[in-house]
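*Asks:* Listed below are the residues making up each chain.
Number of protein chains: 4
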Amino acid sequence: MPVSKDQAKEIIRRLTQQGSLDVLSRRLAPTSEAERPFPPDVPRPSDWSAEARRQRIAMLEQHGVDLKQLAGRGSEVDPETLRGNIEQYIGMTQVPTGLIGPLRVNGVHAHGDYYAPLATCEGTLVASYHRGARLVTRAGGAAAIVTTEQVQRAPGFVFRTLADATLFAAWATSEFDRFREIAATRTAHGKLIDLLAHIEGNHAYLIFAYHTGDAAGQNMVTFCTDAICQAILETTPVRPTSWFLEANMSGDKKPTVLSFLQTRGRHAMAEVILPRLIVEKGLHTTPERMAEYWRMSFVGGAQTGSIGVSGHVANGIAALFLACGQDLGCVGEASVGITRLELTESGDLYCSVTLPNLIVGTVGGGTRLPTARECLRIMRCEGSIEGKGQADKFAEICAAVALAGEISILGAICAGQFSTAHEKLGRPRSPHANGVCRVAR
Amino acid sequence: MPVSKDQAKEIIRRLTQQGSLDVLSRRLAPTSEAERPFPPDVPRPSDWSAEARRQRIAMLEQHGVDLKQLAGRGSEVDPETLRGNIEQYIGMTQVPTGLIGPLRVNGVHAHGDYYAPLATCEGTLVASYHRGARLVTRAGGAAAIVTTEQVQRAPGFVFRTLADATLFAAWATSEFDRFREIAATRTAHGKLIDLLAHIEGNHAYLIFAYHTGDAAGQNMVTFCTDAICQAILETTPVRPTSWFLEANMSGDKKPTVLSFLQTRGRHAMAEVILPRLIVEKGLHTTPERMAEYWRMSFVGGAQTGSIGVSGHVANGIAALFLACGQDLGCVGEASVGITRLELTESGDLYCSVTLPNLIVGTVGGGTRLPTARECLRIMRCEGSIEGKGQADKFAEICAAVALAGEISILGAICAGQFSTAHEKLGRPRSPHANGVCRVAR
Amino acid sequence: MPVSKDQAKEIIRRLTQQGSLDVLSRRLAPTSEAERPFPPDVPRPSDWSAEARRQRIAMLEQHGVDLKQLAGRGSEVDPETLRGNIEQYIGMTQVPTGLIGPLRVNGVHAHGDYYAPLATCEGTLVASYHRGARLVTRAGGAAAIVTTEQVQRAPGFVFRTLADATLFAAWATSEFDRFREIAATRTAHGKLIDLLAHIEGNHAYLIFAYHTGDAAGQNMVTFCTDAICQAILETTPVRPTSWFLEANMSGDKKPTVLSFLQTRGRHAMAEVILPRLIVEKGLHTTPERMAEYWRMSFVGGAQTGSIGVSGHVANGIAALFLACGQDLGCVGEASVGITRLELTESGDLYCSVTLPNLIVGTVGGGTRLPTARECLRIMRCEGSIEGKGQADKFAEICAAVALAGEISILGAICAGQFSTAHEKLGRPRSPHANGVCRVAR
Amino acid sequence: MPVSKDQAKEIIRRLTQQGSLDVLSRRLAPTSEAERPFPPDVPRPSDWSAEARRQRIAMLEQHGVDLKQLAGRGSEVDPETLRGNIEQYIGMTQVPTGLIGPLRVNGVHAHGDYYAPLATCEGTLVASYHRGARLVTRAGGAAAIVTTEQVQRAPGFVFRTLADATLFAAWATSEFDRFREIAATRTAHGKLIDLLAHIEGNHAYLIFAYHTGDAAGQNMVTFCTDAICQAILETTPVRPTSWFLEANMSGDKKPTVLSFLQTRGRHAMAEVILPRLIVEKGLHTTPERMAEYWRMSFVGGAQTGSIGVSGHVANGIAALFLACGQDLGCVGEASVGITRLELTESGDLYCSVTLPNLIVGTVGGGTRLPTARECLRIMRCEGSIEGKGQADKFAEICAAVALAGEISILGAICAGQFSTAHEKLGRPRSPHANGVCRVAR
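Residue numbers (the numbering used here), protein chains in the order written: chain A, 1 to 441; chain B, 1 to 441; chain C, 1 to 441; chain D, 1 to 441.
One or more hints might be untrue.
Chain copies aren't distinguished; within one or between two, either way the pair holds.
Claimed, not checked - No farther apart than 30 Å at their CA atoms in a straight line, the calculated lysine-lysine pairs in the DSS-like style are these:
# : residue 1 : residue 2
1 : Lys424    : Lys281
2 : Lys388    : Lys191
3 : Lys191    : Lys424
4 : Lys388    : Lys9
5 : Lys5      : Lys191
6 : Lys68     : Lys388
7 : Lys9      : Lys191
Honestly, the hints are just simulated from the structure, not real lab data.
Full structure from sequences and hints, please.
*Replies:* Structural data, given as structure tokens:
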């Protein structure tokens, strides 16, 4: 975002995939426990015993999800199968993974109650997101939408003069249809959807944007753009003195205002209105105080020169990405967004999270790995199913999880529990921690 | 950075821990193979067989590093021991981990030849960083320095008027010595080192900065700041109408220009001058073309509204953080920095990476986990040893690894190998990949 | 801001120049018409006649301000007297100047009721600021504070290695006392107050910060820093391979997050609480709607990647700067800031403006010019008077004027009058404008 | 920029207005003194006498430009004629104006040798820009292009839910053709050319972009957007709970990354290759040192969190805007851009300036004022002439002037003359300045 008129048409197409706009509105509305009962909570949340873990695994497996690797019953991975994911393999880094939920999501694609796996070594994180998820669910669930989707690659071309750079940029953008055909020869799943030109002196950057289907797509856009560039070099009326396949305007692996303002990956949003009672009972504070804190922390964040303003979205995104085989180099860009809390006229709390750079995939890359596959399966997001929008579904769940996490941490800060929660959950139980000398590390 | 006069004194203290400034200069100078032979390369880099993996593990274990968990010979982790790292545990997410090196680092704390473990599911990443590491080593190694260290927590206080906010901020900063004493009652390893005040209308933000020793320290600074705030509320001459323990000016979990300009975590830098021959033979391009590409990509990046400008630092940081039990929510902030390449007068290539927000720890948090402990041990960075600066050492290695990765990817783009490398290593060996229809995903 | 502990001491010193902190609180409190009557409004605000103008001039001259040049009764300026302000002189650009007020300011230095001259060619601007000024005055006036003051110059030094750059930076900051003495030989009015070092690879930037008294001071800091650099080159233990007197880290002539977070010029703030009745009668809207608009427009602004978030501060700053002989190249940086509106618990409207980069002077530069001198005199801000803080006074008035302008435009947008006001005042009275074909230009 | 495919077509249309692309290339190429003699230099540049001024005026008047007001021979302005430019008029602020040139511009619209008036009170500025202009001219002149043009207005709409906001945004963008017709009823000179939608939670922003012809156009886009919004409210299928005509995403009066990446006003560029000899003789430094300084100052600027990176563009833009009746509230946005210097393969110096937010007009607003009209006339840029692109012409001259200024100041810093030039020209000739005590103010 901002989206162009063409992209807006695409949004309408996406939103009406499941039916008319009226159907959509109902699909995104909260659903109370009366309308649809809540599934069971994650078993024994504050129990670290092997038995508690067994019960959690059992609950998931009852729903037909096989969790051999996560459950520690899998065989060792054959290194040969890791080709494409790693080189110079020595072994598996192991990161503990916790389960949160149920999280009710009223999304266009993700519609139902989900348990979500979060892999992290930071104590408190899972408990905090779990708390948020339960409150969102009790409020009828989070509405969630993916509006737009695209991944960019941005080659750069150097010319002798700015006149040449300008002519080249104008020519190249006029060749869009041909470039789209070239891209189509290199991928069956992706599609070139847009081309922007950027001129700075005698430098011309071309920003190619692709739909990448259910794949995260960074490799796909590289291969296609390379092929297009070869064709450009053969036919351009103005020859560059140099060119580079990526000239650092794609936003790959870093947060940028450019990506934040466009879409990179998916532009996903989630929203819930928390009734006053849930805020008071569940977060031990008031909607007024939450709204006041949001104002102060938003202005605070805006003053730091951050890109977007939110709380600790990166915690949840990193944990979900890690569990689900996503590209961890994208945690920075994917976490960029806007968290907004407002007091409604009826005294409840409006909460939303907007994540315009959520770069995710349900096929390819790390999603092939055994535990990642299992974790995606827990959320019924594995693989690519024609017409099902698995990656959109996963993106909507990501946004809803982020929303749950934001609500929980902002609530903790408002209730004065931010420090105590970390004291309780952020440190190992050890003689030192229990002793007289309560020193922090 | 920018560092104050006080911080500059601290820099001198740090730099001279190992001896005089002359000693330091020698310590940071490149060391050729003639002066000190290079240790063996990682065995069989393009071999995915179980045997190749065994040889790599064996090489590391010959150096006395026990790698039971990574080698797949460990016992399952007892969930009870994960208290402090995870809640609602269901199992271990497993991410394949590759080894790069040797990487010669001529740092203040990290001084020697290192193998580094990178956990990732993105093919090509390990091979690319490995290539960079070998070239840096052949050039005599990377100089590396940590200049400053601090972690912030930023409570916010709301007042009736800006006069009150100003008086409060002025009062609070004058109480610094008392606050330092309060902090000392809550931590034996950390130390309050600075306090800044920020006033915006009737809002006052206090930014407390701490040394956190060898711990990443986000919990430590929370506990200490909470204790200080309690004391503030008891003694302030001007009462706030509200206050919050964190008001989003600490930069926690997100890249900000504020953190980029100050230090958050460690301000670490690494540098190497690559002789022309190494660029030509090792990267198949020229120093001139590398310098030209740096200019174009730096200007490109600066135009996107990114914070700092670099290439794909986040890839290496995420992979090293994951392997070593670091906080993955910090990948975004830790990857922020400046990569610079320049042609020297003698026609060689100057390369540096500056990472001012490298938030790392060698004790606490995820460093307790079995595979993380093994990975830190590979680099002799495990735990906290009085006077040894383990976290500084790890930070210097992080910067040197990032430097290696930047050199490799920029070289690949200059040599036109960026796409082909990913085609070769970024996809699984499968009938589809080998067949006629070379479609990308 | 953020201010250091040392700067906080300086803030207390500044704030207590006029008396104790209790005195200060009273000084900054609103003063109702009952306590102190309002001076007359600017005569005949919607009258463009020569007579109306005469009455305005007469009112100012009754207060003892001689306005010969503005009134068109001055003699032509002798070009020789323009040396130091212009070269290759051809004549005087003339910009119409309007008067707003009274604006009640309850500042530390600016304490009283002020008329302010605004030079602009944009219709509506003066009328809008005037409306805001009257409402602020009726609410008892704007509290105003300057907390900190400094102007920077940032030379850059290139070294062979990052080790050299680091050693140099550490050495240079330790020589601060000597540098302060050198600066003192070059200026009687300014004072070196701080020195920060910034290291990026083998580049070291030194950021020298000065008090510049009642002058804007950009030349002063150039001359002093040049002298210091000469001394650095003579005595540095590590020789740079190159150096430059300004390396683009001072923020001179451009908005930067660095300057926004520090002070550049004056950090000035103004604030008023508008009673609900004034909002309803004076702005034709409600505090609730103003607060809602502020939230939406603040989030909107934060998403654009601006530095700070406010409305149209640049309009008022440019007009006041132009009238008063300030440096118009600084309009961009000086306008950066935060505007904040909030509903108070009692249903009134809290409004504040924070301008951390207000670079102003009351002596030197353009303040010497005849009309500028007259305009400064209208606000009793001309020249430098020992212990009177004329530049601080002017900065407080700038902030209060900006506050008036923000209130007025935000009110107009909330009341749906933004477009109609510009239709009425933003176009010349001409046959076309009154005719059937109401086309806009 | 980045420009879309549609905008690229528009670029081609613009560039070929003067003939084929081959014609264009020749038009933008440098023209040596041999091909076309240089007009006379501004008379007696370092002479402040009335006689020197008279000679400058005479030279301009010989070219048929009547300069009554600037020359001090005009009659006083009738306040009634100022309606539309000012309210509550008291008199004319007078700012000394100097002349630079000739500046050879090889632009699409500006093609010839120009003298440019700069109004400022900052000594040295005119002399420095003049020096740059002369060097650019001797190098054959600056190529200059305006590629795109648009001005935005961004109303905001608040909804109950994000589903409503999304549906609204999708609907609104689909109504573009109707909105264009509505806009056409409100302006004969402007044209709605694009509409973007931005969704953040339940907030929808619509960004309307207009061609504004030869007017700066901020009022025009306000009136048209207001009319469109009225139509939206009557026909929208989803009713907003609130709406505002401008929600701070248009970039009006402030630098933003959003505007920097799009065009706001004109996207203008200028470029020159300075032969080594001109750098050495004219700037007293070398292309190598200029290129080195550019690298350091660009990296320096990029680290400050500025929007774009350049030198002191704001100085020249402010001075030219002031002389020519432009909106001074836009100095911040208009000065944003990229300055780039590079050593060419043949050892000369490539220099370019890119200004994507140059918001200018040659009709309406302040261009009606007497001295502004005269100043525009000096550059043959007054008014609107069908098919002549007067505003484009003025924008190209602005970019060329900015280029001249950047070259001169960067040269001064490289040659070590930055401080001495300001000592010589930045202070009045007075007993103090000449005396022993050389204190700076």
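*Asks:* Confirm or reject each hint.
*Replies:* Here is what the structure says about each hint:
1. Lys424 - Lys281: within (20 Å within a copy, 54 Å between copies)
2. Lys388 - Lys191: within (18 Å within a copy, 41 Å between copies)
3. Lys191 - Lys424: between (50 Å within a copy, 22 Å between copies)
4. Lys388 - Lys9: within (19 Å within a copy, 37 Å between copies)
5. Lys5 - Lys191: both (18 Å within a copy, 17 Å between copies)
6. Lys68 - Lys388: Close inside one copy (26 Å), not across copies (42 Å); limit 30 Å.
7. Lys9 - Lys191: both (16 Å within a copy, 22 Å between copies)
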